[in-house]
Every structure is written in C-alpha cells, then in structure tokens.
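Colleague: Here is what each chain is made of, one letter per residue.
Protein chains: 4
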Amino acid sequence: MDVVEVVPTFEQYAFTFGGVAPLRRVTPGTALRLWSDDAFCGALQKTTDLSSEKVDLRFVNPQTGPFHVEGAEPGDTLALHFVAMEPARDWGASAAIPFFGGLTSTDRTATLQDPLPDTTWIYELDRAANTVTFAAQHTDLQIALPVEPMLGTVGVAPPGGEVRSSLVPERFGGNMDTPQMRPGATCFLGVNVEGALFSVGDGHYRQGEGEACGTAVEGAMTTTLIVELVKGGAPLWPRLEDDTHWMTVGSSRPLEDAWRIGQVELVRWFGELYGLHPMDAYQLLSQISEVPIANVVDANYSAVVKARKSLLPRATAYGGLHDDLRRRAATLL
Amino acid sequence: MDVVEVVPTFEQYAFTFGGVAPLRRVTPGTALRLWSDDAFCGALQKTTDLSSEKVDLRFVNPQTGPFHVEGAEPGDTLALHFVAMEPARDWGASAAIPFFGGLTSTDRTATLQDPLPDTTWIYELDRAANTVTFAAQHTDLQIALPVEPMLGTVGVAPPGGEVRSSLVPERFGGNMDTPQMRPGATCFLGVNVEGALFSVGDGHYRQGEGEACGTAVEGAMTTTLIVELVKGGAPLWPRLEDDTHWMTVGSSRPLEDAWRIGQVELVRWFGELYGLHPMDAYQLLSQISEVPIANVVDANYSAVVKARKSLLPRATAYGGLHDDLRRRAATLL
Amino acid sequence: MDVVEVVPTFEQYAFTFGGVAPLRRVTPGTALRLWSDDAFCGALQKTTDLSSEKVDLRFVNPQTGPFHVEGAEPGDTLALHFVAMEPARDWGASAAIPFFGGLTSTDRTATLQDPLPDTTWIYELDRAANTVTFAAQHTDLQIALPVEPMLGTVGVAPPGGEVRSSLVPERFGGNMDTPQMRPGATCFLGVNVEGALFSVGDGHYRQGEGEACGTAVEGAMTTTLIVELVKGGAPLWPRLEDDTHWMTVGSSRPLEDAWRIGQVELVRWFGELYGLHPMDAYQLLSQISEVPIANVVDANYSAVVKARKSLLPRATAYGGLHDDLRRRAATLL
Amino acid sequence: MDVVEVVPTFEQYAFTFGGVAPLRRVTPGTALRLWSDDAFCGALQKTTDLSSEKVDLRFVNPQTGPFHVEGAEPGDTLALHFVAMEPARDWGASAAIPFFGGLTSTDRTATLQDPLPDTTWIYELDRAANTVTFAAQHTDLQIALPVEPMLGTVGVAPPGGEVRSSLVPERFGGNMDTPQMRPGATCFLGVNVEGALFSVGDGHYRQGEGEACGTAVEGAMTTTLIVELVKGGAPLWPRLEDDTHWMTVGSSRPLEDAWRIGQVELVRWFGELYGLHPMDAYQLLSQISEVPIANVVDANYSAVVKARKSLLPRATAYGGLHDDLRRRAATLL
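Chains as they are written, first to last, in my numbering: chain A, 1 to 333; chain B, 1 to 333; chain C, 1 to 333; chain D, 1 to 333.
No lab work stands behind these hints: they were computed from the structure. All of these numbers come straight from a predicted model, not from anything done at the bench. For glycine and all other residues, C-beta sits at the position ideal for the given N, C-alpha and C. Some hints could be false.
To be verified - Have a look at the derived ranges for each label pair, beta carbon to beta carbon:
| hint | chain 1 | residue 1 | chain 2 | residue 2 | range |
| --- | --- | --- | --- | --- | --- |
| 1 | D | W35 | A | D114 | 47 to 55 Å |
| 2 | B | P74 | D | P146 | 54 to 62 Å |
| 3 | B | W35 | D | S52 | 49 to 57 Å |
| 4 | A | G29 | D | Q12 | 40 to 48 Å |
| 5 | D | Q137 | C | D118 | 53 to 61 Å |
| 6 | A | P278 | D | Q137 | 24 to 32 Å |
| 7 | A | D114 | D | R127 | 40 to 48 Å |
| 8 | D | P74 | C | W35 | 29 to 37 Å |
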C-alpha cells in the first residue's frame with residue numbers, strides 16, 4: 001500500500017472549512033502522510049513569545065487540505081482512519097491567550113474584568129522517553145508527561161454554502177479538540193459537498209479533557225491516515241470508532257446541548273447497531289455511557305459520548321470498515 | 001474496629017439536606033454500615049409499575065441520616081471514606097419519568113411537547129456473576145452488565161439556614177450522581193453547620209456518566225463507610241480522592257459552569273498539593289485533566305474534574321488521610 | 001379600610017423563604033403597610049463604605065415577614081396587590097460587589113481573573129423632584145433619574161420543606177428583581193404551605209432591566225399592599241397583572257430556560273383566559289409578547305413575559321380580582 | 001434625493017452573508033427601495049401549506065443584496081437608516097416548523113420527543129386598518145393586530161473569510177430578529193470586507209419579543225433605506241439608534257452571553273458618548289437599561305440592551321449621523 005506524502009507550504013494552509021480550493025484529489029483507499037503546522041503556525045517558540053505579540057488570531061489552526069475525495073457526494077459517509085501521529089518538532093507550545101480559554105471571560109462570556117496574564121509555556125519533547133515536559137513559570141516544578149498525540153481538528157466542508165473558521169467544531173466535525181481523535185480511531189463524517197473536502201490540523205502532543213486554558217501542547221504533527229468512502233449512510237453528527245468504543249461528538253452551546261446532541265446521535269447509532277428502539281437505547285446508554293468532555297473553550301463546546309464494546313454484543317458499523325482499516329493500517333507500520 | 005449498623009425505618013427517611021434532626025450522633029473515626037432505600041422508596045418492582053402511578057415525587061432520594069459528627073464546626077472538613085457498597089435487594093429499577101431526564105423537555109427546559117412514554121425497566125441482579133441485566137422492552141435484547149455500585153447522593157447540611165431537596169447537587173455535595181462515589185474513594189466536604197449533618201442515599205448498582213434518562217439502576221444499598229473529621233481546611237466544593245486520582249465536583253447550570261467550578265476547585269487544590277501558582281496549575285491541568293460528566297438531569301448539573309496521580313509527583317492531602325483510611329478500611333473487609 | 005403597619009426590628013428580619021416562624025397572621029383582605037430595610041441592611045451609607053468591608057453576605061435581602069395568611073392552603077393562590085411604595089430613606093446605595101453581578105465572573109461562572117474594583121455609589125433622593133442622582137466616581141457626570149420604586153423580592157415559602165435564601169428567585173417567587181413589581185401590580189403566587197408565609201423586601205428606588213451590576217438603587221421602602229386569597233387555582237410560576245398587561249415570571253439558568261418557563265406559563269394562562277389551544281396561544285404570543293429581562297445576576301436568572309391587554313379581547317383572571325383590588329386600593333390613597 | 005429601486009429575481013436571492021457576488025454597487029448617501037421576499041420564499045400561502053412539505057429549509061430567509069458600498073473598508077462603520085417598510089403582499093404567514101422554535105426541542109436542544117404538530121397560520125392584511133389578523137386554528141378566536149413592520153435580517157459579510165447562513169445572527173448583524181429594526185432606526189455595523197456587502201430580508205409585519213415559535217408574521221416587504229458610511233469607528237457588535245434610544249444587540253448562546261455582549265457593548269458606547277469610565281457606565285446602565293429579548297430561536301439567541309435618551313444628557317454618535325439621516329429621510333416621504 002502506497003502512502004502519499006503531503007507537506008503544505010504556508011501559502012497552502014487553509015484556515016476555513018469550505019471556501020478553499022482542494023489541495024489535492026484522492027481516491028478512496030488512499031493512505032496519506034500529512035504534515036500539519038501547530039495551531040500558532042509555529043509562532044510560539046520560547047516562553048517570551050507572547051500570543052498577543054506573536055500570534056495573528058486570523059491565522060490559527062492552519063489546516064492541511066482540503067482533499068477532494070473522488071466520488072464523494074452529499075449524503076455519503078467519509079471515513080478517516082488514523083494510523084499514526086508523530087510529533088514533527090522537538091517542542092510543543094501552550095498559551096493563556098488573553099480573553100480566550102475556559103477559566104477566563106471571553107468575547108462571548110463578556111465581562112469588564114482584566115484578562116489573565118498572557119503566558120506561554122514550552123514543552124520540550126524527549127523522543128526517547130516519549131514525553132513532553134511541563135515547566136512551571138512561577139516555581140521550579142517540572143513534570144515529564146507521556147506524549148499522547150491527537151488532532152484537534154478534523155472536518156469536511158459544511159453544507160448550505162457556509163464557510164467556517166478552523167476554530168469551529170460543528171456538525172461537519174472541525175475543531176472538536178477531543179483526545180479520542182488519536183491513532184487507532186476511525187472518524188465517520190457526513191459528506192455535505194461533492195468531494196467532501198476534508199482537512200486536518202491542530203496537532204496536540206497531549207491534551208486534557210476540556211482543554212481548559214484553550215490550548216493543548218500544540219505541535220506540528222505528521223499524521224498517517226487512510227481515506228475511505230461509504231456511499232450513503234451519512235451520520236448527522238461525527239462518529240468515532242476504535243477497538244474499544246463506539247463514540248459520537250456533539251458540539252454546541254451551552255455544554256448540555258453538546259451533550260444532548262452526542263447522546264441522541266449514539267441513541268440513533270444504537271438503533272442501527274442493535275436494532276434497539278430509541279427508548280431502550282436511551283435506557284441502556286443511561287447505564288453504560290462514558291462522557292468525557294472534549295472542549296469548553298471553542299466557538300462551540302464539544303462533548304464525547306462513548307459506549308464500551310466489551311459490555312455489548314458484537315456488532316459492526318459500516319460493514320465492518322473499522323476492522324478492515326485496522327488490518328490495512330497494520331501493513332503500513 | 002467496630003461497625004455501627006443503621007437501618008432506618010421509612011418514617012426516619014430524610015428527604016432534604018438540612019432541616020432534619022440528626023438520626024444519630026457519631027464520633028470521628030466511627031465506621032458505619034448504612035442501609036439506604038432506592039430513589040423510588042422501592043415503589044418500582046416490575047416493568048408495569050409506572051413512575052407516574054407509583055412514585056410520589058415529593059418522596060424520592062430518601063436519605064439515611066443525617067448524622068451529627070461530634071466536634072464538627074463550620075469551616076471544618078468532613079471526610080467520608082467508602083469501604084464497601086453492596087446491593088441490598090436482588091433487583092434494581094430504572095425509569096423514564098415524564099418530563100424528567102436529559103433527552104426530554106423538563107419543568108425547566110420547558111416546551112409544549114408531549115412527554116416520552118412513561119417506562120420502567122427492571123434489572124435482575126445475579127450475585128454470583130455480579131451483574132445486573134438490561135432487558136429491552138421493545139425487542140428481545142438482554143445484556144448482563146457488571147455491577148459497579150455507587151451512591152448518587154452524599155451531602156451535608158447547607159449553609160445560611162437553607163434546606164435543600166435530596167434531588168439537588170450543590171456546594172454541600174448532595175445528589176451529584178457521579179460513578180466516582182464508589183468503594184475506595186474518600187469524599188471531602190466543607191462543614192457548614194455544627195455536627196455537619198451528613199447523609200447518604202440514592203444507591204446505584206451501576207450508572208453511565210450523565211445519567212441520561214435521569215435514573216440509574218436504582219437499588220437499595222448497604223454502604224460501609226468511615227467518618228473522619230479534619231479541623232479547618234473546608235474545601236469550597238466537594239473533593240474526592242481515591243488511589244489513582246485527585247477529583248473535584250462542580251454542580252450548577254449551565255453545564256459549563258459546573259465544569260468551571262470543578263476546574264477552578266482543582267486549580268485551588270493543586271496550589272495546596274504542589275505549591276503551584278494558579279496560572280501554572282491552570283496550564284498543567286489543561287494537559288492532564290480527565291472530565292467525566294456526572295449528571296445532566298438534576299436540579300443542577302454536575303461535572304467531575306480529575307487528575308491522575310501517576311502523572312504527578314507524590315503529594316498528600318489532609319495529612320495523608322486517604323491512605324490512612326484505606327488502611328483502616330482493610331481491617332473491616 | 002384599615003391598614004396594619006409593620007416595622008420589623010433587625011432581629012425580626014428574615015433571610016430565607018421558609019424556615020422562619022410567621023411574624024404575624026393576617027386575614028385575606030387585609031391592607032398592610034410594611035417597612036423593609038435595604039438589601040445591605042443599611043450598611044452602605046457613603047461611597048467609602050465598601051461592600052467587602054461592610055456587608056455580611058449571609059445577611060442580605062432582609063425580608064419583612066413572613067406573614068401567615070389565614071385559610072391559605074397548598075394549591076391556593078395568594079394575591080398581593082401593591083398599592084404604594086415610598087422610599088423610606090433619603091438615599092439609595094448600589095455596589096459592584098466582588099465576584100457578584102452580570103459583567104464579572106462569579107462563584108458559578110468561575111474564572112481565575114481578579115474581581116472588578118469594589119465600588120459603592122450613593123444616590124441622593126430629591127423628594128420634591130422625585131429623583132435619585134447618579135454620581136460618577138471617575139468623572140464629574142451627575143444625572144438625576146426618576147424614582148420608579150419596586151420590590152426586588154416577593155415570595156412565599158417553598159414546597160417540599162425546602163428553605164431558600166432571600167437571594168433566590170424561583171417558582172415560589174423570591175428575588176425576581178423585576179421592575180414590574182411596582183405599585184399598581186397584582187402578584188399571584190401558588191401557595192405551598194399552610195398560611196402561604198409570604199414576605200417582601202429588597203426595595204429598589206429604581207432598577208434597569210437585567211440589574212446588570214447585581215444591585216439596583218437599593219433603599220429602605222414603605223410598601224402598602226392588600227393581601228387576598230383565591231381558593232385553588234395555584235399558578236405553576238408567578239403571574240403578574242396590572243392595568244395594561246398579563247405577565248409571568250420564569251426563573252432558572254441558563255437564561256433561555258427562564259424565558260421558556262415564563263413563555264409556557266403565559267401559554268397556559270392564555271388557555272384559561274381565552275380558551276386557546278396551546279398551539280394557538282404559542283402562535284399568538286409569538287406575535288405579541290414583550291420580554292423584558294428581569295435579572296441576570298441572581299442564583300437563578302429571571303425573565304418576564306408580557307402580553308398587552310389592549311391588543312386582546314377583554315378577559316378577567318381570578319374572577320376580576322385585580323380590578324377589584326385596584327378599586328379597594330383607591331380608597332387607601 | 002433619488003431612490004434606487006431593486007426587486008431581485010428568485011435567482012438573485014442570497015441565502016448567506018458573505019460568499020455571494022454583489023447584486024449592485026452603491027455610493028454612500030444612496031437611498032434604496034428594496035423588495036424582499038418572505039422567509040419562506042412565499043411558499044406558505046394558506047393554512048394547509050405545511051412547512052415540512054412546502055419549505056426547503058436550505059432556502060429560507062432570502063436576502064436582497066448584497067450591496068457593495070463604494071469606499072467601505074474593514075474597520076469602517078456602515079450606517080443603514082430605515083426610512084419606511086411597507087408590506088408587499090396582502091397576507092403574512094407564520095408556522096410551527098417541526099423541531100424549530102423556542103418551546104420545542106431542536107437539533108441543538110435535542111430530545112427524543114415527537115415534534116409539535118406542523119401548523120401554519122395565515123394573517124390577512126387590512127391595509128386600511130393597518131392590521132393583520134390572527135385566526136386561531138382550534139377555536140374561533142380572531143384578533144386584529146396592528147402592523148408593526150420590521151426586518152428580521154440586516155447584515156454585512158463576516159470577517160475571516162467566513163460565510164454564514166442567513167439564519168444566523170452574529171457580530172456582523174444577520175438574523176437578529178429584533179422588533180427594534182424598524183422605520184426610524186439607524187443600524188451601525190462594523191465593516192469586515194471591502195464594500196461591506198450588506199443585505200436585508202426576512203420582513204415581519206409584526207413580531208413579539210423572543211419570536212417564540214420561531215417565525216413572525218412573515219411577509220414580503222418593501223424597505224426604503226439610506227446607506228451611509230463612516231470611516232473607521234467600527235463597533236464590535238451591532239448598534240442601533242433611534243430618536244428615543246441608544247441600543248446594542250448581542251447574539252450568542254446561552255442567552256445570558258447574548259445579554260453580556262450587548263451590555264458590554266453599551267458600556268463601551270457610553271464611554272464614547274459620555275466619557276464614562278467602564279465602572280461608572282456599568283453602574284449607570286444597571287439602573288436605566290431596558291433589555292427586550294429579540295429571539296430565543298435562531299442559531300444564536302439575541303438580546304437588545306437599550307438606554308433611553310431622555311434620561312441622559314444630550315450626546316451624539318458618529319457626528320450626529322442619525323439626526324442627519326432623519327432629516328434626509330423626511331425628504332423621501
């Protein structure tokens with residue numbers, strides 16, 4: 001199986017979902033190896049690089065893509081299977097951007113208070129140990145944390161001719177910022193426009209659930225993924241499958257609505273997987289759901305709703321595509 | 001170590017936090033073995049028992065307690081260590097109560113729609129297998145699920161002379177409905193009134209995060225716990241510690257505020273545990289927090305914010321009380 | 001018609017709805033002339049009196065009452081008609097209390113930011129001109145504003161044995177903080193406990209909708225009201241009637257739920273008033289509702305939903321009680 | 001003063017803000033007389049026309065425009081003064097669209113309940129009486145209501161290359177659905193792209209605050225407006241001025257954030273108008289703001305925050321542009 005390598009130039013970065021000409025056309029079944037820049041376009045390299053000085057907020061979350069998937073039509077299901085994610089730099093950066101984040105007022109939760117101090121943290125990567133190191137700014141504490149790479153942003157072009165910033169998580173995926181978007185997972189997205197026009201970006205060397213301060217350990221990433229297409233069957237909201245869980249992602253505000261969306265989507269999926277009536281799926285999921293918050297900082301908040309496969313009878317989605325992709329992925333590693 | 005057994009009569013059930021005379025006085029260090037009725041006071045015993053007919057919503061979440069803890073004064077910290085929780089009946093019940101739950105309109109999220117069908121599910125307990133069985137009402141699917149006992153409700157009397165329904169999660173604990181409230185965990189609550197006046201109830205044989213339909217596998221429970229008291233040091237919001245995690249629980253509406261509360265409380269706790277400046281704790285927790293939603297159905301919604309101890313330098317809270325209680329608990333089993 | 005005068009001592013102030021013995025028993029039809037202290041118990045008298053130093057937040061919104069209404073039983077409707085409200089001091093006070101208010105983070109919308117500067121404004125009352133004067137603290141601007149007296153807090157004891165702080169607006173009324181609670185209005189509240197146990201307080205010499213900074217022009221008030229009782233017919237949420245409008249008040253979080261509650265309650269009332277099917281009432285109100293926000297700062301937020309009588313066919317509520325009370329009130333002035 | 005008449009063909013309708021080529025170029029100072037179709041593109045003409053059958057939800061809120069304003073650059077302020085709005089058909093339509101509206105679950109506030117019955121109401125226009133008539137569907141009640149024409153949608157192209165549906169209210173204006181957008185008002189919008197690219201649509205013959213069921217008395221409209229441009233001075237969020245009030249419009253979710261945005265924007269404007277420090281503006285507005293909810297049904301909710309000019313010292317905004325436009329408008333009538 002061949003792997004197509006793509007390293008965009010800065011001029012090729014996309015900053016929206018929709019509204020951008022395809023970077024490349026790919027056929028279903030293609031494996032891609034994609035380099036993506038970090039959320040700050042690499043502007044934060046040391047702790048004295050402050051976001052208010054170095055980061056142009058119009059140009060954040062650069063996307064690698066969009067890719068036009070041959071044959072994809074509205075109503076189809078795009079499947080992206082993540083084979084591997086490797087840090088592409090030796091450091092990651094995180095920042096408390098003024099009036100951005102979960103424990104500060106923002107342009108939406110607007111108050112008259114002063115912002116928190118604009119602060120940047122740099123996480124050195126130790127490839128041998130596979131860790132990034134948190135270094136406190138106000139004391140001497142340093143803590144090496146395992147690298148757990150993930151992508152903040154995976155999405156397709158929106159419907160209705162909309163064009164959305166790459167900071168937005170929505171029905172079309174986008175900036176969901178969930179640690180579940182990691183190697184071994186398959187992401188299913190409904191196709192809204194011909195060619196699907198998907199892109200990825202916003203690599204995180206690790207991220208806590210909620211992404212409290214608004215930024216993870218942001219880092220350039222090399223992502224290997226396999227593109228597949230299922231004709232029809234578009235889910236209303238993003239679905240994820242890995243070897244252990246069925247998952248959905250809801251994104252809205254307030255956060256309970258993000259949860260409602262994800263929970264209803266999983267009720268719907270359980271109807272497909274197990275033939276369950278909505279009331280029975282509602283009941284069963286009430287007793288087995290795992291609900292890790294994804295982000296409480298983006299334009300919409302995101303919640304993941306998960307069900308552990310080992311608790312459930314065997315079932316397959318999309319014709320067993322995830323398992324098939326796992327097998328194909330194994331040939332790439 | 002002696003264990004004091006308490007099995008309340010129906011007349012002794014408490015349905016509020018505060019406003020009730022103590023059921024009993026206990027000294028710090030006491031181990032209690034408490035029987036608690038299920039959330040429905042046992043009214044749902046078969047699938048034809050509908051909540052709208054059998055459940056008096058003024059008498060739900062019966063509490064066992066309150067217990068007056070000798071020496072507890074406002075500003076102190078009550079520690080409750082859960083040694084064991086054992087199903088006290090051979091079945092649990094769950095229900096979709098009209099206009100109650102997460103995927104329905106409610107008295108607050110008021111709409112003009114009809115309610116979902118009033119439905120009851122009964123989960124038979126298999127003590128040998130340690131499972132409860134979900135049985136679909138509309139199809140034949142049955143699934144045996146592991147028993148993972150927890151308490152929905154653990155709380156003390158509120159401050160300011162308030163008396164709150166046992167359906168309410170708040171700063172004083174209460175109906176937080178988190179699966180983290182399980183054997184092996186220590187719950188720290190700020191004391192608001194002399195004697196603390198804590199109670200427990202709302203046993204769940206298992207519950208998914210979010211408690212989507214509003215009710216878990218509700219079951220009578222026998223809970224063994226050890227009561228301890230720390231003078232001073234009252235946390236602003238409930239804290240939990242187990243062998244693997246530091247945890248806080250925030251409860252409010254909308255759900256993002258519950259999360260904010262929990263996240264800020266953990267920032268505060270990390271200041272105590274590691275001497276971290278709030279900005280550094282904010283940053284560190286942004287990369288390591290786990291945020292399982294507790295409930296999106298109660299009078300307030302609850303979010304848990306957790307940090308895994310194994311990622312962090314060794315630290316102890318409240319003079320190492322949790323470890324000490326674990327040792328004491330071992331002598332009881 | 002006699003008027004019963006009540007001026008409570010400080011020791012007689014109530015700080016909760018429920019949980020307090022009646023100050024006095026009254027029979028339906030009684031006119032009361034009630035003195036109430038301001039929200040700060042008079043602690044802010046000059047701009048150098050800062051709330052963080054002078055105000056004990058456990059003792060705010062002192063209530064005059066509660067009054068036990070003879071014959072009132074759960075399910076009945078208490079009607080309070082406001083005849084007159086007169087400033088009882090020559091100044092009002094307002095304050096930006098740290099971490100309280102609408103344009104600051106709070107204990108619920110918790111952030112890591114510093115509070116806004118603790119600031120007090122004093123409004124001198126000009127009785128002849130019937131104005132209070134805003135005086136800017138940072139510039140020389142002074143503006144005389146009309147006195148438009150209202151009560152922030154009107155409520156009865158809650159159901160279910162709950163006791164709630166006088167800072168809380170809820171189904172039982174309470175701290176709704178709406179400028180509609182003014183002379184000429186009749187407030188209808190469902191009775192939850194024998195005797196209803198109503199109280200009033202939190203006088204405002206004037207208040208903007210939203211009560212943005214968390215405090216109005218807070219002032220001691222002398223309120224003349226007539227107490228009436230309707231057997232049965234308890235509304236689910238507070239209703240208001242004046243000569244021009246039908247009104248309901250919803251209180252919850254987030255603010256859209258407060259609105260939903262009020263809008264549904266008015267749909268329900270329109271069913272009673274005009275025999276309208278809920279879908280028709282929903283439609284009609286969609287075209288005529290006025291929705292002034294009451295507060296976005298209290299433990300629950302409050303929204304008022306109004307319908308202008310002059311747009312509608314003539315109808316009467318509660319047997320024409322409001323008109324009758326207006327006539328009786330005229331004999332008192 | 002000449003008036004340029006524009007009546008678009010169906011093919012010329014725009015359904016987004018941004019992403020559409022200008023319909024026409026206009027110079028500042030131009031008066032336009034614009035025909036706009038109703039929100040349903042005229043598809044609902046009788047009560048048996050149900051929205052689920054007749055309305056293609058991809059083509060709602062058709063816009064007349066966009067207009068490229070000569071000389072408008074990002075950072076400038078576009079002023080649109082509404083001279084007149086005249087119903088362009090003899091009937092208006094309103095509908096309870098399944099899963100759309102304020103008193104139903106939606107795609108965001110997702111529940112498992114059935115939708116409300118899909119229902120259409122037709123309002124006959126009486127030009128002589130200047131009324132539209134509500135006709136109940138389930139009873140015989142008919143009520144003639146005054147025509148109070150307004151535009152639901154007034155907006156410019158968004159920043160950052162985004163393209164948004166004409167159903168969205170945001171920083172760029174859009175589907176704010178406030179009855180304040182009526183003849184006599186001047187709307188100030190920040191320009192985000194060269195030419196501003198404004199459009200208008202979604203005429204309402206009348207609308208209640210909140211637009212509870214999701215649709216007003218929707219009607220084709222002929223709107224006369226004057227376009228002006230102020231170099232620089234772009235407000236962060238939409239501002240409105242009429243002869244009696246200063247107003248701002250915030251749009252977000254939850255509703256309290258929409259309010260916060262509007263209230264902060266008015267604090268900011270009061271700094272410009274009266275030289276007030278933010279804390280003083282916060283205080284003054286706490287006592288005088290009027291806060292009519294605009295909509296609780298759109299992609300974002302909208303709140304209007306108003307201050308009555310007659311309470312305040314005389315001040316002018318944008319060089320007295322509103323007064324000047326009023327004078328110019330008078331020459332057109």
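Colleague: If a hint holds in the structure, say so; if it doesn't, say that too.
Modeller: Structure-based check of each hint:
1. D:W35 x A:D114: 47 to 55 Å: 49 Å, holds
2. B:P74 x D:P146: 54 to 62 Å: Between P74 of chain B and P146 of chain D, where Cβ atoms are some 59 Å apart, the hint holds.
3. B:W35 x D:S52: 49 to 57 Å: Since W35 of chain B and S52 of chain D have Cβ atoms about 54 Å apart, the given range 49 to 57 Å holds.
4. A:G29 x D:Q12: 40 to 48 Å: 42 Å, holds
5. D:Q137 x C:D118: 53 to 61 Å: For D118 of chain C against Q137 of chain D, whose Cβ atoms are near 56 Å apart, the range 53 to 61 Å holds.
6. A:P278 x D:Q137: 24 to 32 Å: Since P278 of chain A and Q137 of chain D have Cβ atoms about 29 Å apart, the given range 24 to 32 Å holds.
7. A:D114 x D:R127: 40 to 48 Å: 56 Å, violated
8. D:P74 x C:W35: 29 to 37 Å: 58 Å, violated
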